[in-house]
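Colleague: With the hints as extra help, turn the sequences into a complete structure.
Chains as they are written, first to last, in this note's numbering: chain A, 918 to 1303; chain B, 918 to 1303.
Watch out, some of these pointers could steer you wrong.
Which copy? The list can't say, so a pair holds if one copy fits it or any two copies do.
Said to hold, decoys possible - Dumping the calculated SDA-like pairs for lysine to any residue here, alpha-carbon to alpha-carbon at most 20 Å:
| hint | residue 1 | residue 2 |
| --- | --- | --- |
| 1 | Lys1259 | Met1037 |
| 2 | Lys1167 | Leu1208 |
| 3 | Lys1231 | His1253 |
| 4 | Lys993 | Gln1160 |
| 5 | Lys989 | Leu1058 |
| 6 | Lys1167 | Asp1212 |
| 7 | Lys1260 | Glu1250 |
| 8 | Lys1259 | Gly1004 |
| 9 | Lys1167 | Arg1206 |
| 10 | Lys1167 | Arg1131 |
| 11 | Lys1167 | Asp1219 |
| 12 | Lys989 | Asn999 |
| 13 | Lys1167 | Val1262 |
| 14 | Lys1229 | His1253 |
| 15 | Lys1167 | Ala1216 |
| 16 | Lys1231 | Glu1250 |
| 17 | Lys1260 | Leu1298 |
| 18 | Lys993 | Ala1216 |
| 19 | Lys1229 | Ser1031 |
| 20 | Lys1167 | Ser946 |
| 21 | Lys1229 | Lys1259 |
| 22 | Lys1259 | Arg1164 |
| 23 | Lys1167 | Arg1116 |
The hints are simulated quantities; they were obtained by calculation from the structure and are not laboratory data.
Protein chains: 2
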Amino acid sequence: MKDRAFEGNDLGVITPRTFCHESAFLLRSGANLPGFELVYETYGKLNSQHSNAVLICHALSGHHHAAGFHSKDDDKPGWWNNCIGPGKAIDTTRFFVVTLNNLGGCHGSTGPCSARPEGMGNWGPDFPTVTVEDWVRSQALLADHLGIRQFAAVIGGSLGGMQAMQWSIDFPERVCAAIMIASAAKLTAQNIAFNEIARHAITSDPHFAAGRYRATGENPDVGLALARMIGHVTYLSASGMGQRFGRQLKSGDLALGQDVEFQVQSYLRYQGQTFSRQFDANTYILMTRALDLFDPAAAYGDDLVEALSGAKAKFLVISFSSDWRFSTERSGEIVHALIRAKKNVVSSVIESEHGHDSFLLPLPRYLAVLGTYLRQLYETLDEHAP
Amino acid sequence: MKDRAFEGNDLGVITPRTFCHESAFLLRSGANLPGFELVYETYGKLNSQHSNAVLICHALSGHHHAAGFHSKDDDKPGWWNNCIGPGKAIDTTRFFVVTLNNLGGCHGSTGPCSARPEGMGNWGPDFPTVTVEDWVRSQALLADHLGIRQFAAVIGGSLGGMQAMQWSIDFPERVCAAIMIASAAKLTAQNIAFNEIARHAITSDPHFAAGRYRATGENPDVGLALARMIGHVTYLSASGMGQRFGRQLKSGDLALGQDVEFQVQSYLRYQGQTFSRQFDANTYILMTRALDLFDPAAAYGDDLVEALSGAKAKFLVISFSSDWRFSTERSGEIVHALIRAKKNVVSSVIESEHGHDSFLLPLPRYLAVLGTYLRQLYETLDEHAP
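Modeller: Here's what the structure looks like:
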């Protein structure tokens, strides 16, 4: 397994597994899924008390492959490999880490790309609306399957942080610590607007074909690339982009009558094209809708304090100074509500120039805060040795 | 003329005129235009000394029709009617106001929609790249035509402010005051990125047809609407959008299995669709390129102080607290360069929740600053009475 020169603190080769839920699953929208599959990975070992499990919830474009490699020849590790592994902030010598591809995803879990139960092609655009609450309930079923009654921690960034919050509300007895990173209690109108433009870019691509593009053999690559370009700019900070690209030219010279292309233009187009080859358009729409709809306070008279009042978890809330898509103010709203609800809450604002993307990056102070919090949490668990 | 109930401080019915420049005009790109036409409007009276002329430079989607009405039945005045008129901040009882549609525009001036000189259809995508410097030189020819040796003020917001700055650099003797509102000495990488995505949305619309959509009878409405939606979100502030739209629903109820639509989604789509019926796609690309390319310091070793050192104008620099597309920091850079270049500069940061759009809105403090500055300027002119 270690023919390839993995780093000493990498997990090596990881094989995804599939959890099949065979009975009906009623979604918040009222639609009834006749069962579903979730692709998941685990890292580390579940201890005998089953007290050291950590759930990682992914964000908009994430999936189950959070750490390690899928083969010896794999040149890219999972999306959060800098954070998860032996000796890392989420330390797999201590914790049993569970990661999954959410319901509605396009990396193996039941979603728009899956075959319809009646055997009439795939779901495509007819896959029902999925909400953060639905995800959390499906994750709880996966936890049951794995014999995990309570997670030591549920951790997520961005949309993943929303799932961590929902876990603390819907399953107060099953979460020891909820860790919300670069997240928010609900989207702002500006955030919804950016999501709407991204969806509009996808649905107005003629190849989208009202979501039935699998039947035509053409993919809405152009719309999906545009959606990603819009997202990508908003995940970076203005100053970070300035430092990285400035006004550097990629090609051209106006004085020679040539078209000028700036570095940042070429970078964005590349990002968009790469993404459109890897992601499903219907899933992108579904995931952004789940983001828009998340609003746990709505069921409590728009009172977030009330919504969180039944939570029994302790909370860690992390945000990043230059994140304008999920700003420190949004995390501050969560922290203030938790304080007013008399919860145990620790919060940290990390100085970073990398905008919303910061939550995916190996920023030393960020990983130190997360690692320290989890190490202290581990000391309080029922049993330490695996 | 006043059958219609115009407001007492409105200009009434205004008739655009056309300036024809009959000889060749060499652009910065090296391309040579065999003459051009500029559509323009004037308000107020040029005094006998020709000292009271004010030039208004428009922004990305603006044009010559800045104030007054085009007919008695016109239900919408010009785009800056709240600022220009008798007794208003730009007071037409004092000043002779000149406004025009820039070269490359789509409201009557020579541009991509115009017929090619060789009589082979219209220019379309072959219209040469136009820069802020080219605009300023073409505006100077219009000034010659109108008998204006020196403008009392050159005024513009956003891209218009860039023209005001370029005037002060290229024609130091011809500008008494340059007024730059919500502008910048150059775009940031983030700004270029948003422009790039907007252009990409247009050019990847199949109806764009490499810019030759006039020949097909189909317009790239979808791409142009997307471009406008992207622009529009960035012209508003997050808090302003929050106050205006919040998370209000336009329609739908998830609990009833319906798709939910937020107010902000419907608003954005309407804005996009309206714009795509009124604006030319090739012009949109041309105008955003001019924005990207503006960088007067580049010719002076990236030293803005050096670039401005030859200016003889006095300067007023206005920015808005919530404008993140052309932030107060960008205006601050201009102000600091002007101070270091020992110029007469007044600057004002206006508190506003309306983002970049603020420069078009009748904000009392903003109009008071502008009006006061211009009133004082008027007192210093050679001759006061028209």
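Colleague: Work down the list of hints and note, for each, if the structure agrees.
Modeller: To see whether the hints hold, each was checked on the structure:
no., hint, result
1, Lys1259 <-> Met1037, "neither (52 Å within a copy, 75 Å between copies)"
2, Lys1167 <-> Leu1208, "between (35 Å within a copy, 17 Å between copies)"
3, Lys1231 <-> His1253, "within (14 Å within a copy, 48 Å between copies)"
4, Lys993 <-> Gln1160, "neither (26 Å within a copy, 43 Å between copies)"
5, Lys989 <-> Leu1058, "neither (32 Å within a copy, 69 Å between copies)"
6, Lys1167 <-> Asp1212, "between (43 Å within a copy, 17 Å between copies)"
7, Lys1260 <-> Glu1250, "within (14 Å within a copy, 45 Å between copies)"
8, Lys1259 <-> Gly1004, "neither (33 Å within a copy, 58 Å between copies)"
9, Lys1167 <-> Arg1206, "between (36 Å within a copy, 15 Å between copies)"
10, Lys1167 <-> Arg1131, "neither (36 Å within a copy, 31 Å between copies)"
11, Lys1167 <-> Asp1219, "between (49 Å within a copy, 18 Å between copies)"
12, Lys989 <-> Asn999, "within (18 Å within a copy, 67 Å between copies)"
13, Lys1167 <-> Val1262, "neither (47 Å within a copy, 36 Å between copies)"
14, Lys1229 <-> His1253, "within (16 Å within a copy, 53 Å between copies)"
15, Lys1167 <-> Ala1216, "between (51 Å within a copy, 19 Å between copies)"
16, Lys1231 <-> Glu1250, "within (16 Å within a copy, 45 Å between copies)"
17, Lys1260 <-> Leu1298, "within (19 Å within a copy, 67 Å between copies)"
18, Lys993 <-> Ala1216, "neither (42 Å within a copy, 43 Å between copies)"
19, Lys1229 <-> Ser1031, "neither (36 Å within a copy, 69 Å between copies)"
20, Lys1167 <-> Ser946, "between (48 Å within a copy, 18 Å between copies)"
21, Lys1229 <-> Lys1259, "within (10 Å within a copy, 63 Å between copies)"
22, Lys1259 <-> Arg1164, "neither (49 Å within a copy, 27 Å between copies)"
23, Lys1167 <-> Arg1116, "between (29 Å within a copy, 17 Å between copies)"
Violated hints, listed in ascending order, are 1, 4, 5, 8, 10, 13, 18, 19 and 22; each of the other numbered hints is respected by the structure.
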